Amino acid sequence: MTTPNGEAPVEVGHIGSQTYVRHGDHVDTIESVDLVFKAQRKLSFTYGAIFFAVTLAVPLMTDFVEGWWNTEIWGGFTWNYLFISLLYYVFLWTMAWTYSKKADKLDDRLADLADAITEEVAEEVVEAHGEPTGA
Amino acid sequence: MGLNTLAIVLVVILISMTIALSVFSRRFTRTTADFYLAGRKVGSFANASAISGDYLSAASFLGVAAAVYASGLDGVWYAAGFAGGFIVVVLFIASPLRRFGEYTVPDFAFGRFNTNRMRLVSVVGVLATSLFYMAPQMYGAGTTWKVLVGRGIFGLDPYQSGVVVVALIIMIYVAVGGMKGTTLNQIIQFWWLAFAMILVVIFATFVGFDVNGDGSMRIRFNYPETLASQSEEPLRDVKTYTVAELTANDGALLAEAEAAMRPEAFAEVEEAVETGAATDSVTVAVFAKNKLHTLKNELLGTEDGVFFNKPGHRYNGFDQFSMVLALVLGTAGLPHILNRYYTNPSGSAARRSTFWVLVFIGVFYILAPMAGLAGREFIKAATEAGTVPQTADFVSGLLVKSDALMPTIAQMLGGEILMGIVAAGAFAAMFSTLAGLLIASASAVGHDVYEKYINKDATEKQKVFVGKASVVFFALLALTIGLIIPAVGLDKAYPALIAMMVTWAFAVGAGAFVPMLLTGIWWKGTTERGAIAGMIVGGGGSVLIIFMNMFRALGTIPADAGGIVGFLSGLTFPSLFTFPLAVLAIVIVSKIDGQLPKNVDEIWMRIHGTAHERYERQHGLDKVSGLFQKS
Numbered sequence: 001m002t003t004p005n006g007e008a009p010v011e012v013g014h015i016g017s018q019t020y021v022r023h024g025d026h027v028d029t030i031e032s033v034d035l036v037f038k039a040q041r042k043l044s045f046t047y048g049a050i051f052f053a054v055t056l057a058v059p060l061m062t063d064f065v066e067g068w069w070n071t072e073i074w075g076g077f078t079w080n081y082l083f084i085s086l087l088y089y090v091f092l093w094t095m096a097w098t099y100s101k102k103a104d105k106l107d108d109r110l111a112d113l114a115d116a117i118t119e120e121v122a123e124e125v126v127e128a129h130g131e132p133t134g135a
Numbered sequence: 001m002g003l004n005t006l007a008i009v010l011v012v013i014l015i016s017m018t019i020a021l022s023v024f025s026r027r028f029t030r031t032t033a034d035f036y037l038a039g040r041k042v043g044s045f046a047n048a049s050a051i052s053g054d055y056l057s058a059a060s061f062l063g064v065a066a067a068v069y070a071s072g073l074d075g076v077w078y079a080a081g082f083a084g085g086f087i088v089v090v091l092f093i094a095s096p097l098r099r100f101g102e103y104t105v106p107d108f109a110f111g112r113f114n115t116n117r118m119r120l121v122s123v124v125g126v127l128a129t130s131l132f133y134m135a136p137q138m139y140g141a142g143t144t145w146k147v148l149v150g151r152g153i154f155g156l157d158p159y160q161s162g163v164v165v166v167a168l169i170i171m172i173y174v175a176v177g178g179m180k181g182t183t184l185n186q187i188i189q190f191w192w193l194a195f196a197m198i199l200v201v202i203f204a205t206f207v208g209f210d211v212n213g214d215g216s217m218r219i220r221f222n223y224p225e226t227l228a229s230q231s232e233e234p235l236r237d238v239k240t241y242t243v244a245e246l247t248a249n250d251g252a253l254l255a256e257a258e259a260a261m262r263p264e265a266f267a268e269v270e271e272a273v274e275t276g277a278a279t280d281s282v283t284v285a286v287f288a289k290n291k292l293h294t295l296k297n298e299l300l301g302t303e304d305g306v307f308f309n310k311p312g313h314r315y316n317g318f319d320q321f322s323m324v325l326a327l328v329l330g331t332a333g334l335p336h337i338l339n340r341y342y343t344n345p346s347g348s349a350a351r352r353s354t355f356w357v358l359v360f361i362g363v364f365y366i367l368a369p370m371a372g373l374a375g376r377e378f379i380k381a382a383t384e385a386g387t388v389p390q391t392a393d394f395v396s397g398l399l400v401k402s403d404a405l406m407p408t409i410a411q412m413l414g415g416e417i418l419m420g421i422v423a424a425g426a427f428a429a430m431f432s433t434l435a436g437l438l439i440a441s442a443s444a445v446g447h448d449v450y451e452k453y454i455n456k457d458a459t460e461k462q463k464v465f466v467g468k469a470s471v472v473f474f475a476l477l478a479l480t481i482g483l484i485i486p487a488v489g490l491d492k493a494y495p496a497l498i499a500m501m502v503t504w505a506f507a508v509g510a511g512a513f514v515p516m517l518l519t520g521i522w523w524k525g526t527t528e529r530g531a532i533a534g535m536i537v538g539g540g541g542s543v544l545i546i547f548m549n550m551f552r553a554l555g556t557i558p559a560d561a562g563g564i565v566g567f568l569s570g571l572t573f574p575s576l577f578t579f580p581l582a583v584l585a586i587v588i589v590s591k592i593d594g595q596l597p598k599n600v601d602e603i604w605m606r607i608h609g610t611a612h613e614r615y616e617r618q619h620g621l622d623k624v625s626g627l628f629q630k631s
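These protein sequence lines are chains A and B, in that order.
The opening position of the first sequence corresponds to residue 1 in this note's numbering, with each subsequent residue numbered one higher.
The opening position of the second sequence corresponds to residue 1 in this note's numbering, with each subsequent residue numbered one higher.
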């Protein structure tokens, strides 16, 4: 198996029935990856639910809430026009910024957790296959 | 200097710069990783600029302002939807795709499902989406050339000349510069087109339009006030009919046109009808019909007019949802955008890039509808004063082809110089997007087919050569598509055709790739057969419905067709059907099939594992190196 960047040595192997992927000193096991996956899924799908709820609420209100599309609130701006032409971007920027920050923090936390979970496996891998080689 | 000479000089400067950068980049393109992915070391800010350049196509630069000009609020949706799509990318796609590595979306499909069949189906999806996206860029090239230069070369008409020149230039600069040259060009092209859009809005707001051309009356754009004044009168549509159609039913259409047109403009129509043959085409303006709230109006016996700041000009309730879905999901299915995520040095950098993309394109998409609204105000005033520019066609104070709005109002506001900057911005938008599409198409053929199946032992030199040959082939294909559009009458069948065609490309991407990517990344139980079923239902279904809609608009399928044909051909955007059906197909077929790849745990660890990133972070390999370091 080659690395995506070509820099880090990658090794896929098995300790007992446990599959592992090793990049240098760092090891992933299915247990550590599942932990990361579940935490990231929770974060991404929570944000996704908010995003789709707000985005799809606009055509829904355009169909059914007359005050939304027919009441002028600032010059020619209706709520509908103001939201789609200006406020929606503020919503998008806030979503992207807060998500990126939370995802970075989650990555840091999960990286430490994954190292802790896989420490034992990493030692077994070194015992079985020797020190990592490469970059 | 003669007419538009200054403007043409500015465009030539941009083109020369583009080619010079590609030649410069050639020194740094030695490997396929360089050619397709710029060595995977593009920083967040540079990558965000390049993604923005890649993303902001003729549809954004010419099409959004044009759609707002023609349809008001319904046109603003294009801008919001184009921007919203990146949230789906950042939430669900960006980091896992970067972690998985590889070069292309078909690579991901192959790696995730472990079969060659999956890679080849994905290649077909990449090519279909890219060709749908190339078509409006080429149409934009012809339209802009017509306004800018106004004459043809080598015996071609102005539209054809624009298509041929843009296709040939893009072919040379992508084939020579590869992804590194394309990346640098896209960064510069993005900032140029952003500068052009900002300049148009600044001119509209602070300098204003000299209505009579002698300084006696200058009107300025004021967002809430202009929106109010332009929303007082009902919207009108520009339509082209034959004389026979206009005079049928006791001249019902002619009566509609008389009610909506200025007397002097209608007098010209009457003259054309009296002197013309039955098959001659005549362009008229008629009041638009509200497509929304039809049920409510039928029940109450009321009729909503169509006004600029209110919905209903372009979409019924179904199309609104379908369009929103196509736009917000489609971005995550555009191969040329997803390829860019492989150029990030880390998953975190991929997220940062996306945030900056949203800031850049968000500002752009706030400004583009302002330009569309300003154009409406200024063209109306110029029509009343008799000072509309002669470079575009008008009927009764409306642009016949709204896609010509940006260069037209630039000329009205800032003369040749602003027109040149805007025209160069339009070409920059086309170049940057076409370049990304050509790289994506070339990598689908060169990398995913040639390197994997035709010549597995190919040398780096052979691989790069095939990549470049693929670029030439797809550029020529884009050129052909560009020439076909007006030949079959598609340019007259839809208002604001550029934005419409790009939305079709989004719909194809949203159907073909997004269900496969979302389930492939987030549901371990997805099988290869399930993924292929989803791609066929989503991608194939989208293509089928779009072509049916085109045939209906062109008259091949009658407007009053009933049954399933009538229903499907009436769908402007297919995503509300095709996306959920594709997801459903994946889930059902995967459940029935149950044949997961033998190494599914290993694959799962590649997508969601972090050992690789921890290793890179520990050794400082997640840092950005220079774009122009030799590999």
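Just so you know, the hints here were simulated from the structure itself, not pulled from any lab data.
Check the hints yourself; a few may be wrong.
[Unchecked claim] Derived Cβ-Cβ restraints for the label pairs, each shown as a range: (1) E66/A x E258/B: 43 to 49 Å; (2) M217/B x L60/A: 40 to 46 Å; (3) W74/A x R218/B: 47 to 53 Å; (4) T556/B x E11/A: 55 to 61 Å; (5) F551/B x E66/A: 35 to 41 Å; (6) W523/B x W74/A: 41 to 47 Å.
[As the list claims (entries may be wrong)] Here are the computed lysine to aspartate or glutamate pairs in the EDC-like style, where the Cα-Cα straight-line distance is at most 20 Å: (7) K380/B x E602/B; (8) K289/B x E232/B; (9) K239/B x D214/B; (10) K291/B x E264/B; (11) K239/B x D393/B; (12) K38/A x D25/A; (13) K598/B x D34/A; (14) K289/B x D304/B; (15) K289/B x E268/B; (16) K380/B x E271/B; (17) K289/B x E271/B; (18) K524/B x E31/A; (19) K524/B x D104/A; (20) K492/B x E233/B; (21) K289/B x E256/B; (22) K291/B x E66/A; (23) K598/B x E31/A; (24) K598/B x D115/A; (25) K296/B x E11/A; (26) K289/B x D115/A; (27) K289/B x D63/A; (28) K296/B x D34/A; (29) K42/A x E127/A; (30) K101/A x D112/A; (31) K291/B x D63/A; (32) K102/A x D34/A; (33) K38/A x E602/B; (34) K289/B x E245/B.
As the structure is a prediction and not an experimental result, all values here were calculated from the model.
Cβ coordinates follow ideal geometry from the N, Cα and C atoms, glycine included.
Cross-check of the supplied hints:
Between E66/A and E258/B the Cβ separation comes to about 32 Å, which falls outside the hinted range of 43 to 49 Å. Take M217/B and L60/A: their Cβ atoms lie about 44 Å apart, and the range 40 to 46 Å holds. Distance hint for W74/A and R218/B: a CB-CB separation of about 24 Å, inconsistent with the stated range 47 to 53 Å. About 59 Å separates the C-beta atoms of T556/B and E11/A, a value consistent with the hinted range of 55 to 61 Å.
The hinted window of 35 to 41 Å between F551/B and E66/A holds, with their beta carbons roughly 36 Å apart. Separation of W523/B from W74/A is about 45 Å and conforms to the stated range, judged on CB atoms against 41 to 47 Å. Note on K380/B and E602/B: the hinted pairing is violated, with a Cα-Cα distance of about 63 Å set against a maximum of 20 Å. About 16 Å separates the Cα atoms of K289/B and E232/B, which keeps this hinted pair within 20 Å; it holds.
About 33 Å separates the Cα atoms of K239/B and D214/B, which puts this hinted pair outside 20 Å; it is violated. For the hint pairing K291/B with E264/B, the CA-to-CA distance comes to about 30 Å; that exceeds 20 Å, so the pair is violated. Restraint check for K239/B and D393/B: the C-alpha separation of about 13 Å stays at or below 20 Å, so the hint holds. Under the criterion of a C-alpha separation no larger than 20 Å, the hint pairing K38/A with D25/A is inconsistent with the structure, at around 24 Å.
At most 20 Å may separate the alpha-carbon atoms for a hinted pair to count; K598/B and D34/A meet this at roughly 18 Å. At roughly 9 Å between alpha-carbon atoms, K289/B and D304/B fall within 20 Å of each other, so this suggested pair holds. Distance check on the hinted pair: K289/B and E268/B sit about 24 Å apart at the alpha-carbon level, beyond 20 Å; violated. The hinted pair formed by K380/B and E271/B fails the criterion: a straight-line CA distance of about 24 Å is larger than 20 Å.
Only pairs whose Cα atoms come within 20 Å are accepted, and K289/B paired with E271/B is rejected, the gap being roughly 26 Å. Simply put, K524/B and E31/A have alpha-carbon atoms about 14 Å apart, close enough for the 20 Å limit, and the pair holds. With a C-alpha separation of about 24 Å, the suggested pairing of K524/B with D104/A is violated against the 20 Å cut-off. For the proposed pair K492/B and E233/B, the alpha carbon gap of about 25 Å is over 20 Å, so the pair is violated.
With a CA separation close to 12 Å, the supplied pair K289/B and E256/B stays within the 20 Å bound. As the CA atoms of K291/B and E66/A are separated by approximately 15 Å, the hinted pair is consistent with the 20 Å bound. About 18 Å separates the Cα atoms of K598/B and E31/A, which keeps this hinted pair within 20 Å; it holds. Restraint check: the Cα-Cα separation between K598/B and D115/A comes to about 26 Å, which exceeds 20 Å; the hinted pair is violated.
As the CA atoms of K296/B and E11/A are separated by approximately 64 Å, the hinted pair breaks the 20 Å bound. Only pairs whose Cα atoms come within 20 Å are accepted, and K289/B paired with D115/A is rejected, the gap being roughly 63 Å. Restraint check for K289/B and D63/A: satisfied, since their Cα atoms lie roughly 16 Å apart, inside the 20 Å limit. Taking the CA atoms of K296/B and D34/A, the gap is near 51 Å; set against the 20 Å cutoff, the hint is violated.
With a C-alpha separation of about 36 Å, the suggested pair K42/A and E127/A falls outside the 20 Å cut-off, and the hint is violated. Simply put, K101/A and D112/A have alpha-carbon atoms about 17 Å apart, close enough for the 20 Å limit, and the pair holds. Of the pairs offered as hints, the one joining K291/B and D63/A holds, with about 11 Å between alpha carbons and a cut-off of 20 Å not exceeded. Distance check on the hinted pair: K102/A and D34/A sit about 19 Å apart at the alpha-carbon level, within 20 Å; holds.
Between the alpha carbons of K38/A and E602/B the distance comes to roughly 17 Å, so the proposed pair stays at or under 20 Å and holds. Between the alpha carbons of K289/B and E245/B the distance comes to roughly 18 Å, so the proposed pair stays at or under 20 Å and holds.
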